[in-house]
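Asks: As a plain string of letters, each chain reads:
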Amino acid sequence: MSLKALLRLASLMTGALLMGPVSAQHEGHDHGHDHAIEAVAAAHDASEGQHEEAKTGFDAGALIMGHIGDEHGWHLWGHTSLPLPVILFDTERGLQVFSSSRFDHGHATYEGYALVDHRVAAVDANGNVDEAASANIWDISITKNVMSLFVSLGLLLIIFIGVAKAYTRRAGQAPTGLQNLLEPIILFVRDDVAKSAIGHKYERFMPYLLTAFFFIFLNNLMGLVPFFPGGANLTGNIAVTLVLALLTFIIVTVNGSKHYWHHIFAMPGVPGWVLGILTPVEILGMFLKPFVLMIRLFANITAGHIIALSFFSLIFVFGESSAGAGFGVAIGSWAFTVFMTCLELLVAFIQAYVFTFLSAMYIGAAVEEPHHH
Amino acid sequence: MSTPDDLRKARKGYDNYLRYTGLGFTMLGIVLAFTFGGWWLDKQVRWPFPVFTLVLSLLGITGAMLYLFKETGRR
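Residue numbers (our numbering), protein chains in the order written: chain A, 1 to 373; chain B, 1 to 75.
Honestly, the hints are just simulated from the structure, not real lab data. Warning: the hint list may mix true and false statements.
What the hints assert, rightly or not - Chain B stretches covered by chain A per the calculated footprint, using a threshold of three residues with CB under 8 Å from any CB of chain A:
(1) 18-28
(2) 54-66
Claimed, not checked - Pairs of lysine-lysine residues, derived as BS3-like cross-links and limited to a Cα-Cα distance of at most 25 Å, are as follows:
(3) A/Lys165 to A/Lys258
(4) B/Lys70 to A/Lys195
(5) A/Lys195 to A/Lys258
(6) B/Lys43 to A/Lys258
We put the beta carbon where it would ideally sit given N, CA and C, even for glycine.
Sequences and hints are given; from them, build the entire structure.
Replies: Okay, here's the thing in structure tokens:
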């Protein structure tokens, strides 16, 4: 796993190194200004997110961040987007519900609201952001990620209700169709994840582990589909992975046995002065373990999306300087993207497996009974 | 030829490997948390010398090592 992470980081950095100088140089050439100042200004602009009026060229950073982030409305192709409901709870003005098409992709203001950096902000009559009023907004819109969540939940329900029905209808018979496809995976989660990590108390945790596994796996796969209704970076959204990790944390904490808490607060067989260090460390570890679960899934899936988008961006970055260079790079980009997507198919499974396995392991440690040495 | 037993054994090795992924990040988290705690304490007491940052960061490293021994030596 660590080798893969390293490879990822290396390719990301290569991408950044390739892209950084190329775009900076290009701008310097266009405007005839000092390269360094231009590059710094461009970087500053990009970091502030207010680059719309200043830059006309291709902005790889904005493209990539736009694709891995969330948005109001779902971009389909060209200038066509699927409008999604914007639901705001304004502590001053109450509940506001309207379509995201009212914003006209961030160009229009509606009822005193506008999109600033893909977020809803309150604006005054002149279109200036009103910070105080913006602080009152609770944005609970059906965004692209939420919509994607609904789609995959629907899919999961259809698949698993169908499979469950097949088991009751064809009890004792050989599995067929979808049931046949999923049975080995379900058995894999039971035998190689739950049983091997939790032990004989595994049965109680099967619903959570199976749900987590298939939820992550399906959403990872949906994220790899480049067109609607795929392509949302759901499992690469830190809020989603936070909730998943929080669920594991709650299950571990609620099911912690006396043995488990005893090992955290007073590790047996450890001298008192060491306990002074070890107990705070164990308490920290209680929170750090799910925290690492959250970061791992988020980082792996987001990195996968960034890599694919970086390869695409390279085509346009080179295409801007000359069409020939664009075509030349396109061949390499295409090959690398195909290769990386194949790898991502593997990663989609591995990350779902790792999350479920580690959750099961933490649960296993929590429900463990004392060993008789 | 690989028998199912071989596969199971190979997977056990992989499971053991998985057990320790995240150990590094947890250790890093422990050191950072201790150091941050020391830094915060130093800010509260305003002594001319950052004694808590120094002591707690070293304690954090010790704690991370203890954690490593504890986690890897259990089985």
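Asks: Taking each numbered hint in turn, which are not upheld by the structure, reported in ascending numerical order?
Replies: Result: hints 3, 6 break, sorted rising.
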